[in-house]
Amino acid sequence: MSERLPERAVLLRDHVREAATGLRDAGMEIDRDPTAIDRLLHLPAVALMRGCTVPVEYLSSPLRVGPYTYDMGSCLEHTLTIEELSYGDAGFMLACPGPLMSGVAVGALGDDKQRHAYYQRLAGPEPTWTFFGLTEPGKGSAAAELETTLTPDGDGFRLDGAKRYVGNAAFAQLGVVFCRRAPGPLGIEAVLVDTADPGFRAEPIPTVGLRGARISAITLDGVRVERERILGYDTLKPSRRGLVGAIRTLQRFRPVLAGTALGLTRAVLDHVRAERPALAGAARRRLDGLQDLLDAARWHNYAVASAIDAGEVRADRVAGVKTRAAELAERATLAAAELLGPAALLRDPWLHKAYRDARAFEFMEGTGHIQRLAVFQGVAKGTFLR
Amino acid sequence: MTVQDGAAPVTAADRLAAFAAALDACHERAVPGGVVVSRTGWAVASVRRLGDGDPVPDGSGTLAARHGPRASDEEALGAFREALLELHRRTLRDVLDAAVSRLDRRESEGAPLLGRQLVRGAVADVALALAQARDVLRLPRPTADRHHRVHRELVAAGRTALKLYGAFGFTAEGPGALLHLTELLGDTYLCPEDPEAEAGHE
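Residue numbers (this note's numbering), protein chains in the order written: chain S, 1 to 386; chain W, 1 to 202.
Since the hints were derived computationally from the structure, they do not count as laboratory data. Treat the hints with caution; some may be incorrect.
Computed, partial: chain S to chain W, Cβ under 8 Å [stated by the list, open to error]:
1. Asp292
2. Arg372
3. Leu373
4. Val379
Note that beta-carbon positions come from the ideal geometry of N, C-alpha and C, so glycine has one too.
Please work from the sequences and hints to get the whole structure.
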């Protein structure tokens, strides 16, 4: 598939692939104890995640490979990086400190001063974990309907409400919270929250798999928010911040999430080949069929990410590739368990972990049902299959 | 309760004639002036192109089939399989687009059926299968196995699409007749010679 990628992307991919070697043991450790990431911060993959989407001018040693310097500001390069790290271990990748989705939101909405403060903190010597607080207990990820409130309070605001299914929130120092300042879609804001502030509480939610994501529930009880912590408040019109920022961040990040699912899928298919090199007949053809679907989905994901880099954010295609990737990860792990024989999940702890991890992608950044509605809109408008 | 039944823009006979012409174009691409014969000796083309064949049941007199001893060479078969799958994709896409138009016109309980989430999900499922088939067919180094898998996925998506038409999808006048021909052609040209070897597929 290299022939379809530009040279700088191929060099980046090969570099990250090297850094992802050996992450499986680390991933198994994190699956047993999600706080184990604290003991693994010396690994090269952690440095990659810490610098991902932080502009190079903030980094003391930005990633350089050959003649190129990278900050993963490109959706394609970000996607490739995450796919390769997820081939190593998706749970490990998600447990790492760094900007992840919050960085995309700050990059899209923050003013110069906000971005500067955010990137300075992320590039500092101490590892900083972040979160992206959108999903709510009663409303899911429907950004236009969220109920967390931002209420004027003296010369600032107070933040009240609850968020659920937020990665890393219980371990983070900093995050973006989407909230409602006024009724209607223009009343949505995104605010930067320091988790040390009074009124902020977060607890991990135990999950079946992908424990490195450290999915959490947040309670916001009168958290003080200064005006300068509202992203883009002084520089963007209400119609260009808040809700728009949530949607832009989700769409920019969906190929990255698809890359996570596809990295895991590739690891699973390679694992089956390594464990059953003599697989033949119908079983071999079944594996070949899944490999075809994986190759096709990867190619399509790169095309969608490249289109985003070119300024073409097509909601229907973004939704389609996320759906395909998430479903393929589940299909591949189900097939792997069958192809490796009875009790494979008990005999093969790594497969068992991948099998559990793969179930997460359906629920991350919009379920398959929600994505299908976006695909449908594309069919109705005649754009999806064009 | 359904209160409106939409009319197709062209007749079923027109659609079948257009399909037969498109099938002949697939033959022409692989064997100029002739017909492609499957590994098991079967050929299916329009009645005009395959004058001495027997009418294909359910082809409404537009397609004919013939059995003979000699299969086409691998190069011709490979080119024909690709052309056939493209025809299958185009046909299914037309069926899907027509279903969307039809369901937007049909009402149930005072609202278009197209507004139902279950319907929208089924439309999306078919579209996702079409996109996936397109991407898999673009992969390098095509094989007969891959072509058969794509055919199978398109058949499954086609059955989903037909459910959007209700009982109309089962009539000879409806889109079911066309999709049946794509299934028949896949059964003739794309199925593996040893069905036992396929046992255990997803």
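Each hint tested on the structure:
{"no.": "1", "hint": "Asp292", "verdict": "5 Å, holds"}
{"no.": "2", "hint": "Arg372", "verdict": "4 Å, holds"}
{"no.": "3", "hint": "Leu373", "verdict": "6 Å, holds"}
{"no.": "4", "hint": "Val379", "verdict": "5 Å, holds"}
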